[in-house]
Amino acid sequence: MTKDACKQIVLDIIADIAPDEDLSNLKPDVRLRDQMQLDSMDFLDIVMELRKQHGIEVPEADYIHLASLDSCADYLTPKFEALGK
Amino acid sequence: MSFKPARIVITGIGLTAPNGNSLSEFRQNLLAGVAGVEPFDVRYMGRLIAGVCHYDPLRYQTRKGLRVGTRAGSISIYCAHEALKDSGLAFDSVPKDRVGIYLGCTEHGNVETENEIYAISKFNYDTKYWSHYHNPRTVANNPAGEISLALGITGPAYTIGAACAAGNVGLIHAAQMLRLGEVDLAFCGGVSESIHTFGIFAGFKSQGALATHADPKKASRPFDKGRNGIVVSEGGCIYTLERLDDALARGAKIYGEIAGYCVNSDASDYVLPNPGRQAECVRKALVNAKLAAADIHIVNTHATATPQGDIQECEAIRAVFGAGCPETNINNTKSYIGHCMGAAGALELAGNLPSFDDLVVHPTINVDDLDPLCAIDGLVLNQPRKVAKVEAILNNSFGMLGINSTLIVKRFVA
Chain E
1 MTKDACKQIV LDIIADIAPD EDLSNLKPDV RLRDQMQLDS MDFLDIVMEL RKQHGIEVPE
61 ADYIHLASLD SCADYLTPKF EALGK
Chain H
1001 MSFKPARIVI TGIGLTAPNG NSLSEFRQNL LAGVAGVEPF DVRYMGRLIA GVCHYDPLRY
1061 QTRKGLRVGT RAGSISIYCA HEALKDSGLA FDSVPKDRVG IYLGCTEHGN VETENEIYAI
1121 SKFNYDTKYW SHYHNPRTVA NNPAGEISLA LGITGPAYTI GAACAAGNVG LIHAAQMLRL
1181 GEVDLAFCGG VSESIHTFGI FAGFKSQGAL ATHADPKKAS RPFDKGRNGI VVSEGGCIYT
1241 LERLDDALAR GAKIYGEIAG YCVNSDASDY VLPNPGRQAE CVRKALVNAK LAAADIHIVN
1301 THATATPQGD IQECEAIRAV FGAGCPETNI NNTKSYIGHC MGAAGALELA GNLPSFDDLV
1361 VHPTINVDDL DPLCAIDGLV LNQPRKVAKV EAILNNSFGM LGINSTLIVK RFVA
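In the order they appear, the protein sequences are chains E and H.
No gaps in the numbering here: position 18 of the first sequence is 18 in this note's numbering, and each next residue is one more.
No gaps in the numbering here: position 183 of the second sequence is 1183 in this note's numbering, and each next residue is one more.
Any given hint might turn out to be false.
Computed list of lysine-lysine pairs in DSS-like fashion (alpha-carbon distance at most 25 Å, straight line) [as the list claims (entries may be wrong)]: (1) Lys1128/H to Lys79/E; (2) Lys1064/H to Lys7/E; (3) Lys1122/H to Lys79/E; (4) Lys52/E to Lys1064/H; (5) Lys27/E to Lys1064/H; (6) Lys1122/H to Lys52/E; (7) Lys3/E to Lys79/E; (8) Lys1253/H to Lys1386/H.
So these bits of chain H aren't anywhere near chain E, every CB distance computed over 10 Å [claimed, not checked]: (9) Ala1090; (10) Ser1121; (11) Lys1128.
Hints in this document: simulated from the structure, not taken from any laboratory.
Quantities reported herein were computed from a predicted structural model and do not represent experimental measurements.
Beta carbons: idealized from backbone N, C-alpha and C, even for Gly.
Model the full assembly from the supplied sequences, consistent with the hints where possible.
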């Protein structure tokens, strides 16, 4: 699993959660919340979809790592790899 | 000192029914005999029939709003926006804390709970897959709350649980709140998302009260000898109500005036109607409206096409109306749209209100073989009836646990 592939997985989830948003210009190093309308329930959606679709658990203490696409990739890629993906 | 309640008038209507997404479309189809029942797949039960609404949810909601909210919330938002548009109110200048939202619901939350149980069944019923949206979706005030969020209304916004009498009760409650001076403008009526829960279909089937027919459009047939139960439908109808002085001051179009009402209880059975209490409800509403039975020109019946329920309502109507009421016409709207549950009373009233202007009474359709036990005087069957006058419309809506509601609307005369 490359970090780019991991980012794409997160982007696909966000596209479902925020279907009205244009995601084409999202900056990977900027907090998602600063670039689009995402509230705390939306972040819980990301956590839920990672769990449902990919079997990945994100403990509450680690939610901070889901702030930007880059931080998502840094945090989630090893988890995907640990699952053999 | 006697209390003189303010006169309350209807100034806007927004609706979605299985056969129309605006009052004009709905009315046109009621006069043309166009039913709105269709085949519908129900979880665990397969292909059944239902009344399905085909409004455009994206007219007033984002795709995210639709994903997060409920079907009842979406129907409510659509109807509230349509009612607001129809009212001609300059909403930007309306103090939002003086606006109330009062919506009748038969039930709420079953759809979302069933969906979540189905979703976690795919994960061996592990509740960590249960949605964090479950609680805001299933709280009983959800449909009213979704309107308050959509329109920025900060006054009271809640639902009123009154089984299938709820649509009428939403209007009645709003009139009371306006008279008490609690609010200056009310969005009120009823809403239902019931077709998206298998439980309501399964429940009526177990009760022997779920309609079947080879032709879905013929399935809902109150008063017909061959009737065999209820067609479950979704829908919504929301009115703007105002005190007459406020409506006149802004030059509002007025559909009609709330003349009187009654809500009472059978206190006799969970599901079986009580004709004596129904008749009492109608009589009390007439007294409240200061009208005689003969002053009513249209009675919209609640009849749902259950074998027993229709007969009992006819018994109640016969006890109040009859030979002394030659100008009273009696019809039924469920024959077109099935039973829209919490929205039923509000929708059925709306379908009849244009009669004040066009002097036509829409019929009960699908009556091929009138049940003699339902053969009450004044029934309008299968063809619209042109009448000499329509001064007052009486709308019956009854529900389980023995709740009865009667609402009378009269032509507005200054």
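Hint check results:
1. Lys1128/H to Lys79/E: Given that 25 Å is the threshold and the Cα spacing comes to 19 Å, the pair holds.
2. Lys1064/H to Lys7/E: Distance ~21 Å between Lys1064/H and Lys7/E Cα, so the pair holds.
3. Lys1122/H to Lys79/E: holds (23 Å)
4. Lys52/E to Lys1064/H: holds (20 Å)
5. Lys27/E to Lys1064/H: holds (22 Å)
6. Lys1122/H to Lys52/E: With Cα atoms ~10 Å apart, Lys1122/H and Lys52/E stay inside 25 Å; holds.
7. Lys3/E to Lys79/E: Status holds; Cα separation ~11 Å.
8. Lys1253/H to Lys1386/H: Holds, at roughly 24 Å.
9. Ala1090: holds (28 Å)
10. Ser1121: For Ser1121/H, whose nearest Cβ neighbour in chain E is about 13 Å away, the distance exceeds 10 Å, so it holds.
11. Lys1128: Nearest chain E Cβ is 7 Å from Lys1128/H, so the label is violated.
In this structure, the one hint that does not hold is number 11.
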